[in-house]
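Engineer: Just so you know, the protein sequences line up as chains U and B, in that order.
Just so we're aligned: 409 in our numbering is position 279 of the first sequence, and the numbers increase by one with no gaps anywhere.
Just so we're aligned: 403 in our numbering is position 273 of the second sequence, and the numbers increase by one with no gaps anywhere.
These are computed hints drawn from the structure, not numbers from a lab.
Please note: incorrect hints may appear among the correct ones.
Just the calculated beta-carbon pair ranges, DEER-fashion [claimed, not checked]:
1) U/160 - B/417: 33 to 39 Å
2) B/313 - U/194: 51 to 57 Å
3) B/200 - U/194: 27 to 33 Å
4) B/193 - U/147: 49 to 55 Å
5) B/237 - U/199: 51 to 57 Å
6) B/403 - U/161: 32 to 38 Å
7) U/397 - B/276: 35 to 41 Å
8) U/198 - B/276: 42 to 48 Å
9) U/338 - B/137: 54 to 60 Å
10) U/399 - B/401: 40 to 46 Å
11) U/338 - B/193: 47 to 53 Å
12) B/272 - U/400: 44 to 50 Å
If you want the ones that stay clear, here's a sample from chain B, every Cβ over 10 Å from chain U, calculated [said to hold, decoys possible]:
13) 196
14) 231
15) 282
16) 312
Don't be surprised by glycine CBs; every beta carbon is placed ideally from N, CA and C.
Number of protein chains: 2
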Amino acid sequence: MFCDAQDRLVAAFEAYEGARGFQAAPWQRPGLGSGRVLVLEDGEVFERAGVNTSRVSGSTMPASVVAKAPHLEGAPFTAGGISLILHPRNPYAPSFHANFRFFGVDADTWWFGGVCDMSPSYGFEDDAAHFHRVLRDWCARHRAGDYEAWKQACDAYFTIPHRQEMRGIGGIFFDHLTDPEDGGFERCLALAADGLDSLLPAYLPILDRRAPMPYGERERHWQETRRGRYVEFNLAVDRGTRFGLETGANIEAILVSLPPRARWSFDLRPGPGTAEASLARFLQPRPWTHPAGHDA
Amino acid sequence: MFCDAQDRLVAAFEAYEGARGFQAAPWQRPGLGSGRVLVLEDGEVFERAGVNTSRVSGSTMPASVVAKAPHLEGAPFTAGGISLILHPRNPYAPSFHANFRFFGVDADTWWFGGVCDMSPSYGFEDDAAHFHRVLRDWCARHRAGDYEAWKQACDAYFTIPHRQEMRGIGGIFFDHLTDPEDGGFERCLALAADGLDSLLPAYLPILDRRAPMPYGERERHWQETRRGRYVEFNLAVDRGTRFGLETGANIEAILVSLPPRARWSFDLRPGPGTAEASLARFLQPRPWTHPAGHDA
Numbered sequence: 131m132f133c134d135a136q137d138r139l140v141a142a143f144e145a146y147e148g149a150r151g152f153q154a155a156p157w158q159r160p161g162l163g164s165g166r167v168l169v170l171e172d173g174e175v176f177e178r179a180g181v182n183t184s185r186v187s188g189s190t191m192p193a194s195v196v197a198k199a200p201h202l203e204g205a206p207f208t209a210g211g212i213s214l215i216l217h218p219r220n221p222y223a224p225s226f227h228a229n230f231r232f233f234g235v236d237a238d239t240w241w242f243g244g245v246c247d248m249s250p251s252y253g254f255e256d257d258a259a260h261f262h263r264v265l266r267d268w269c270a271r272h273r274a275g276d277y278e279a280w281k282q283a284c285d286a287y288f289t290i291p292h293r294q295e296m297r298g299i300g301g302i303f304f305d306h307l308t309d310p311e312d313g314g315f316e317r318c319l320a321l322a323a324d325g326l327d328s329l330l331p332a333y334l335p336i337l338d339r340r341a342p343m344p345y346g347e348r349e350r351h352w353q354e355t356r357r358g359r360y361v362e363f364n365l366a367v368d369r370g371t372r373f374g375l376e377t378g379a380n381i382e383a384i385l386v387s388l389p390p391r392a393r394w395s396f397d398l399r400p401g402p403g404t405a406e407a408s409l410a411r412f413l414q415p416r417p418w419t420h421p422a423g424h425d426a
Numbered sequence: 131m132f133c134d135a136q137d138r139l140v141a142a143f144e145a146y147e148g149a150r151g152f153q154a155a156p157w158q159r160p161g162l163g164s165g166r167v168l169v170l171e172d173g174e175v176f177e178r179a180g181v182n183t184s185r186v187s188g189s190t191m192p193a194s195v196v197a198k199a200p201h202l203e204g205a206p207f208t209a210g211g212i213s214l215i216l217h218p219r220n221p222y223a224p225s226f227h228a229n230f231r232f233f234g235v236d237a238d239t240w241w242f243g244g245v246c247d248m249s250p251s252y253g254f255e256d257d258a259a260h261f262h263r264v265l266r267d268w269c270a271r272h273r274a275g276d277y278e279a280w281k282q283a284c285d286a287y288f289t290i291p292h293r294q295e296m297r298g299i300g301g302i303f304f305d306h307l308t309d310p311e312d313g314g315f316e317r318c319l320a321l322a323a324d325g326l327d328s329l330l331p332a333y334l335p336i337l338d339r340r341a342p343m344p345y346g347e348r349e350r351h352w353q354e355t356r357r358g359r360y361v362e363f364n365l366a367v368d369r370g371t372r373f374g375l376e377t378g379a380n381i382e383a384i385l386v387s388l389p390p391r392a393r394w395s396f397d398l399r400p401g402p403g404t405a406e407a408s409l410a411r412f413l414q415p416r417p418w419t420h421p422a423g424h425d426a
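Based on the sequences and whatever the hints tell you, model everything.
Structural biologist: In structure tokens, the structure reads:
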């Protein structure tokens with residue numbers, strides 16, 4: 131399912147690029163697993179895009195799982211996932227990130243996890259509302275889906291503590307999703323499959339609106355500054371990236387999430403009333419699916 | 131001493147810039163301390179330069195000190211330091227970093243610490259040998275100075291584990307330097323003062339050689355890629371930066387160490403035989419003060 135989704139997503143993004151295509155970097159580690167990195171750099175629409183799948187298995191449970199589930203110590207496991215990152219060139223088009231993953235021990239012990247979040251450099255209420263409504267509607271189609279809880283988890287996770295701001299406008303974040311009842315696996319699988327199918331409808335209408343907008347040096351400068359914050363989150367905060375860096379498996383695949391370029395300026399504060407300054411109110415938790423995205 | 135050094139260093143760097151000057155950002159936190167950030171951005175010679183001093187004190191010892199010296203639990207302390215970062219514009223001129231710090235409890239319990247290291251994007255044997263010889267000669271002038279041990283500590287510290295390469299060509303790193311004998315404080319103070327006086331002789335001759343060299347887009351691209359590694363080290367590895375981000379004191383002063391711009395490309399490998407490829411052999415520990423900097 132993840133590999134099929136990878137092919138479909140890449141085909142959709144390549145349609146935006148015309149001639150320029152993704153390069154494939156398959157990898158394999160005996161005794162660990164294998165994966166396929168598909169990456170596009172310096173495109174017309176996407177300055178950097180990556181879609182990775184991987185499948186790993188092991189004869190003993192990783193320490194990070196055992197810490198939360200001691201009864202699984204020593205059990206063999208298999209895990210797989212897909213992750214997606216888009217850094218478009220146009221500063222008005224948001225960066226987009228998602229991953230879906232499965233972790234299995236045996237027929238009774240398994241779970242799914244997933245994340246989808248969006249990071250604009252310029253805030254548009256319509257974009258935020260559209261993105262969150264697609265996620266909300268996806269969740270509503272599935273018994274185990276819980277948009278409100280998953281949105282809250284996402285807001286909390288994608289926060290840069292040292293800046294006291296979010297990396298972007300959130301989305302959904304869930305983990306350890308399982309269902310012990312009859313047909314539970316099929317229901318969770320359907321939820322994940324539908325989530326993967328929701329990624330393009332959540333993002334492409336926004337890209338279609340923003341990618342043609344004219345911009346100049348000022349907007350690129352601001353975009354690079356915001357991408358600096360993206361780097362701060364991924365390298366200094368993100369548990370997944372930090373775990374990947376510590377275990378050392380396939381650094382380039384892990385760091386494909388970083389933006390193509392980033393910039394730091396000392397104590398940069400956008401002038402009051404500018405479009406740049408107004409981003410700040412997008413970087414705090416807000417009920418985006420409510421009418422006009424306003425707080426009650 | 132640190133504040134005097136700050137003024138002298140900034141005056142020296144401003145002499146390179148002509149009209150453009152450093153902006154001052156003093157800060158004060160009641161009950162914690164105060165400091166002065168001096169920062170220059172977008173200069174002719176320095177794309178980003180920062181010289182910070184700070185002085186903090188507290189009625190109870192920080193946890194990080196108590197962890198290593200349990201007998202100091204609950205003791206009041208005072209600490210001060212200076213840190214310096216230079217990111218020159220010319221890709222052939224290396225980035226330069228140093229800090230000196232003092233930590234005091236009472237007349238018998240105090241120590242100095244210090245770091246000086248250099249991070250070139252292009253390797254020059256002459257630059258590395260000059261830089262390390264100035265540091266070696268400074269250490270040799272002081273009874274407590276130990277260039278070989280401090281170089282080894284620096285090589286180990288400025289390593290990016292997930293890349294298995296150093297951030298640059300090392301330098302010196304020492305901490306908890308004290309001297310319980312008569313006149314010990316004065317001797318350590320003299321060592322630190324001489325270290326501060328050695329920074330300009332260690333760096334400026336290299337800057338003088340490299341800043342006038344012609345360069346183009348290719349060299350800027352490579353410089354930004356190397357600065358990406360600098361960011362990876364500072365945000366994901368550096369204990370000082372991570373401690374600062376976690377405690378949240380004056381984020382902008384902490385992150386002034388980051389380069390002005392950075393770039394990430396997927397699995398970038400410079401072509402064999404290029405100047406970019408030859409940097410790799412500079413990013414491993416080497417005995418730079420030996421003739422021609424070659425290994426035995």
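Engineer: For every hint, state whether the structure bears it out.
Structural biologist: To see whether the hints hold, each was checked on the structure:
1. U/160 - B/417: 33 to 39 Å: 37 Å, holds
2. B/313 - U/194: 51 to 57 Å: Because 53 Å falls inside the window, the suggested range holds.
3. B/200 - U/194: 27 to 33 Å: 31 Å, holds
4. B/193 - U/147: 49 to 55 Å: For residue 193 of chain B and residue 147 of chain U the Cβ distance comes to about 51 Å; the hint holds.
5. B/237 - U/199: 51 to 57 Å: Check passed, 54 Å falls within 51 to 57 Å.
6. B/403 - U/161: 32 to 38 Å: Distance hint for residue 403 of chain B, residue 161 of chain U holds at roughly 35 Å.
7. U/397 - B/276: 35 to 41 Å: 38 Å, holds
8. U/198 - B/276: 42 to 48 Å: At roughly 46 Å between Cβ atoms, residue 276 of chain B and residue 198 of chain U fall inside 42 to 48 Å, so the hint holds.
9. U/338 - B/137: 54 to 60 Å: 55 Å, holds
10. U/399 - B/401: 40 to 46 Å: 42 Å, holds
11. U/338 - B/193: 47 to 53 Å: 52 Å, holds
12. B/272 - U/400: 44 to 50 Å: At roughly 48 Å between Cβ atoms, residue 400 of chain U and residue 272 of chain B fall inside 44 to 50 Å, so the hint holds.
13. 196: 23 Å, holds
14. 231: 21 Å, holds
15. 282: Non-interface label stands for residue 282 of chain B: nearest chain U Cβ at 23 Å, farther than 10 Å.
16. 312: 44 Å, holds
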